[in-house]
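K.L.:
Given the structure of chain A, go ahead and fit chain B onto it with the hints provided.
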Amino acid sequence: MNGKRALVIGFLWCCLLVMAGLSHGSEAEYVANDPDTCLMCHRDDSPLSSGHIMHGAHALTGNSRSPFAPGQQGCQSCHGPASAHMSINAEGVRPPPPVMFGSDYDPEPQNTVCLSCHTADKGHHWSGSAHEFAQLSCSSCHTVHQTEDSALGFHGKTGLCLDCHTRERAEILHPSTHPLRDGQMSCIDCHAPHGGPGPADLIAHTLNDQCYLCHAEKRGPFLWEHAPVAEDCTQCHKPHGSNHRDLLQARTPWLCQQCHLAPFHPSTALSGSGLPQESASANLLGRDCTNCHTQVHGSNHPSGAGLTR
Amino acid sequence: MKHSLVALAVLMVTAPLAVADTNSSATSGELEVGLGYLDSSAYRYGQYTGLIDEGVYGLLDFSLAARAAPGFGDTGYWHLWGQDLGLGYRALGLEAGQQGTQRLRLDYRKTPRYFTDTAQTPMLGAGSNRLNLPAGWQSNDATTAGMSSLDEHLSQVNLWQERHTLTLDYRRFLNDNWTLTADFRRDNLQGVRALGGVSGATGGNSRALLLPAPIDYTTHAAELALAYHSARYYWGFGYYGSFFSNEHQALSWPTPFAAHPQWAVGTGYPEGENRMALEPDNQAHQLRLHAGYHFAGTTRLHMDANLGRQRQNADFLPYTINSALEVSEPLPRDSLQARVDDNRVNLRLTSRPARAFNLVARINYRDRDNRTPVDVYQRVRGDAVAQQSYLDGRINRPYSLRETKASTDLGWRFSRYLRLEAGYVYNDTRRDYSEVTQTREHSIKLGARSTRFDSLALSGHYQYQQRRADEYVGNRPLMTTHVPGSVGAEDFENHPLLRKYYLTDRDRHQWHLRGDWFAWQNVNLGAAIAWHRDHYPDTVFGLTDSRMTSYTLDAGYTPVENLRLTAFVNRDSYHNEQAGRSFRGSVPADAFDPERNWYVDAKDRFDTLGVSLDWEQLQQQFDALQNLGRLDVRLELSHSRATGTIVTETASALTSASLPELSTRLERVSLEARYHLSVRSSLRLALEHERFSSHDYALDGVAPDAVASVLLLGQTSPRYSAIWSTLAWRYRF
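These protein sequence lines map, in sequence, to chains A and B.
The first sequence maps to residues 1 to 309 in the working numbering.
The second sequence maps to residues 1001 to 1733 in the working numbering.
Isolated chain A, as found in the complex:
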């Protein structure tokens, strides 16, 4: 049995396994006069203030799917039936409502509530995404009780991402980067935090397609192609930051020599002996290999087989 067949069988086995997933539900009583009843304790000036939600997008009553629209349950639309929350239990404490939001609580019920309305625009790739698998909840990033959710919009999102992605936080300070440090680009220009179709939850389906959104000139197809270019840009480039120009993985000409070891200059041992005070090597100074082989992403010139035209 070859590997591919084993994988297909394994995938089908997984399908059968997960068919066993069962739904669950609960019956409880809703409290009347929501949100007025809730806001008696959760008013703006209280320690457990939640009143700002009444000034935000979730409070628009004209949208029939809004939590506070006629026929909906107000606060309980998201937090669940709160009749038990209105009383003191046997331990002398007020039990929380069925669904609580925040890092102290199970993310699955939280996310289920959010996705019950937001699946159509955000949820198709959530299940199985990196953030879902890492058990993040929507509330890890979003704050719906504020008038404005700070996670929405373009600006300021990089900082939110970098709170957890600490290596990338350092990489955007490297000498060669995309313009993330001062906010001209944002992480969400390339990555879909709710899950995306591409690797690393990219917005595009493949890494190269993501790069081509801004760098379509490198898409070709060219007459003379450079094999790794059409395959995977990260064969040569590091998207988050590098010590070398153009976000290259390593310093040229040695990066080039990792794949090109032909007679004469491609295989030459390059070192300090190529500096100006010695031999002043064209393969070491200026733009080294690309002083001549300038069309490294491909050439469309009939005489450009060496990527010099």
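These aren't lab readings, by the way, just hints derived from the structure by calculation.
Do not take every clue at face value.
Below, a sample of chain A positions facing chain B; criterion: calculated Cβ distance under 8 Å [claimed, not checked]:
1) L173
2) H194
3) P197
4) A200
5) E217
6) P221
Now the in silico label distances, taken between C-beta atoms and shown as ranges [as the list claims (entries may be wrong)]:
7) F1453/B with I88/A: 25 to 33 Å
8) G71/A with N1627/B: 51 to 59 Å
9) H165/A with P1537/B: 31 to 39 Å
10) P276/A with L1420/B: 55 to 63 Å
11) P96/A with V1669/B: 42 to 50 Å
12) Q72/A with Y1462/B: 41 to 49 Å
13) G71/A with V1056/B: 54 to 62 Å
14) D1432/B with M100/A: 54 to 62 Å
15) L1446/B with P98/A: 29 to 37 Å
DSS-like cross-link-like pairs, simulated, lysine-lysine; straight-line CA separation at most 25 Å [as the list claims (entries may be wrong)]:
16) K218/A with K1603/B
17) K1445/B with K218/A
18) K157/A with K122/A
19) K1445/B with K1405/B
20) K238/A with K1603/B
21) K218/A with K238/A
Values in this document were obtained by computation on a predicted structure and should not be read as measured data.
Quick reminder that beta carbons are idealized off the backbone N, C-alpha and C, glycines included.
P.N.:
Frame of chain A, contents of chain B only:
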């Protein structure tokens, strides 16, 4: 672009009016106007903002928004904003719609990039598709030393680019189930870049110069999609098209070198002409389909499928621009008629078969089928020698790729405090025209996350990937690009012992460890270690070993609600080892002489540090300031130092010398204070000091004519110290 901006402006004015109902809407906004002063010109400091010249800059930010007031039953809203108007970078945006019914987003960004202002060139017409030598240019031989009038003709040329991006996203919820989306994007990039231009034959006798070449790219992209969504299943289909056009399809320039003895007559200065092809117009089309089904409980199946096609059919340039050269064989075709069919299918199954289990299984299939016609091209090398004979011609290689990937990830909450994770990935990649026709990669992943102690969270992940390749036929590219009969079966171009790193056997180990300690209620400390190693067991020449280590420490301190102090320090180290053999085609024994081996040990190290302090209502903490209005302060400090060392060692037949260290140092301190004059208005005073220095042996002290065969730009590594001060007034309403 001009028309786009007009359209944007019209929409910005009319859309808010269309959706706002002043009787039931809540309008808010803010306007910030101010002045900024940059104390010294620093091209790199403003590389993405446009703050490159010493002087005063006007500043304007604004945000206007209206939303239906709760309880009125309306759903209309709009938000109009502008940022950094007055700087090189600027952004304008509009979002308007009716919640639950439709949404329009319009966004414009202008993003500059300033590379250097220290480059020098004798070429005239920088940024155009025709460059010329100045009158009186003198070239006595085929080297830069023979350019006797170079110094008097050098002039500064700035390398820069500006990107203008306009996007329009529209989404309409036709009813509870159907959604229509229409997205458009226009991207225009203009500027001047350094591009190497070759004169003369490649392979030993070429001459080159770095040209100030033009950039004028425009890409239009559109996506139209219709989707259906219900509680149980969903599906959608759409079309995506991307259309790239280049204003300049070719760049031509005169040869600045006097003729080399091996060049044809009339190809050196002053008669010689050169022309290269710039990036051709291209198109990409995709038909997209997605669908999903929600089985009982928590099981979901999702599918994405793309049928894609990329095309490129720009007219070919002639083999050479030099009419003096003999070109007897015509081009095999007038244009490439390139076509790549790129089809993909992704399947993803997710489930929680039990409350403690989280399962993800994926299958990804991609077929990049390059159907571009294959022909023999009888080149004119470097616009300087007669056309090649048929047997010396080159055959183009339309690379195709087929990739099948299957993976599964399993998360198991073993206990309330411990979650275990495991995964497996199989990747099968098949290529044509390459040294290797098939590679197979197996990966296993193991991980654990623990929250056993209330104040301590730990996680660890390990991944092992093993890639194995079929037989490595090093001369397959040579055989497939040369006319049959022109090369022998044992001939080679790359050394037979070379193994390209992305095609050969590889063992990869990756460790990630992370710990977070919430030491006290208001203090958190974190530490992370990452270690990666790629080993290439079958490689003699090429990249043999690659390692990365990363250490991160971070801390947060929040003594009171309105004060937050955060800090991090990071060290990343990259270490590459590679080997090669220097050999000459004219001395066959070289290729088999181990005394001509060389070894390179390259290390990049990054030390990064950041501190930030956010202190709102600072005046409350100091008795002397109690009578002042609200004062918010933000302090940020960042430091980044990068070094690169490259050590070459050689066997006895070769010699080597040490290279200077590459280094880059960036330090930035910024202090921002906002004093609230009233509830609505405030003053912001901000100071930012940035120092930058870098050293690069390939640039520093390298004069334009330092290399005999290449005329360089003589640019230097950037170094600067700049202070950016701003004073602005903000009004909120």
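K.L.:
Compare the structure with each hint and give your call.
P.N.:
Here is how each hint holds up against the structure:
This hint holds: L173/A has a C-beta 4 Å from the nearest C-beta of chain B, less than the 8 Å allowed. A hinted interface residue such as H194/A counts as satisfied when its beta carbon comes closer than 8 Å to some beta carbon of chain B; here the least separation is about 13 Å, so the hint is violated. The interface hint given for P197/A is met, as the beta carbon of that residue sits about 5 Å from the closest beta carbon of chain B, less than 8 Å. Using the Cβ-Cβ criterion of 8 Å, the hint placing A200/A at the interface with chain B is not satisfied: the shortest such distance is roughly 13 Å.
Satisfaction of the interface hint for E217/A is found here, the shortest Cβ-Cβ separation to chain B being roughly 4 Å, below the 8 Å cut-off. For P221/A, the interface hint holds, the least distance from its beta-carbon to any beta-carbon of chain B being 4 Å, beneath 8 Å. Between F1453/B and I88/A the beta carbons are some 31 Å apart, a value that agrees with the proposed interval 25 to 33 Å. For G71/A and N1627/B, the hinted distance range of 51 to 59 Å is satisfied, since their beta carbons lie about 52 Å from each other.
For H165/A and P1537/B, the hinted distance range of 31 to 39 Å is satisfied, since their beta carbons lie about 32 Å from each other. Distance hint check: the CB atoms of P276/A and L1420/B are about 58 Å apart, consistent with the given range 55 to 63 Å. Taking 42 to 50 Å as the suggested C-beta distance range, the pair P96/A and V1669/B conforms, at roughly 45 Å. Between Q72/A and Y1462/B the C-beta distance comes to about 47 Å, which sits within the given range of 41 to 49 Å.
The beta-carbon spacing between G71/A and V1056/B, approximately 58 Å, falls within the hinted interval of 54 to 62 Å. A hinted range of 54 to 62 Å holds for the C-beta pair D1432/B and M100/A, which are about 56 Å apart. In this structure the hint that L1446/B and P98/A lie 29 to 37 Å apart at CB holds, the actual value being about 35 Å. In summary, the hint linking K218/A to K1603/B is not supported, as the alpha carbons are separated by about 29 Å, beyond the 25 Å threshold.
Using a Cα cut-off of 25 Å, the hinted pair K1445/B and K218/A is violated, with the two alpha carbons roughly 34 Å apart. The hinted pair formed by K157/A and K122/A meets the criterion: a straight-line CA distance of about 17 Å does not exceed 25 Å. Using a Cα cut-off of 25 Å, the hinted pair K1445/B and K1405/B holds, with the two alpha carbons roughly 15 Å apart. The suggested pairing of K238/A with K1603/B holds, with an alpha-carbon distance near 16 Å, which does not exceed 25 Å.
Our distance criterion of 25 Å between C-alpha atoms is met by K218/A and K238/A, whose separation comes to about 16 Å.
Consistency with the previously given hints fails for numbers 2, 4, 16 and 17, ordered from lowest to highest.
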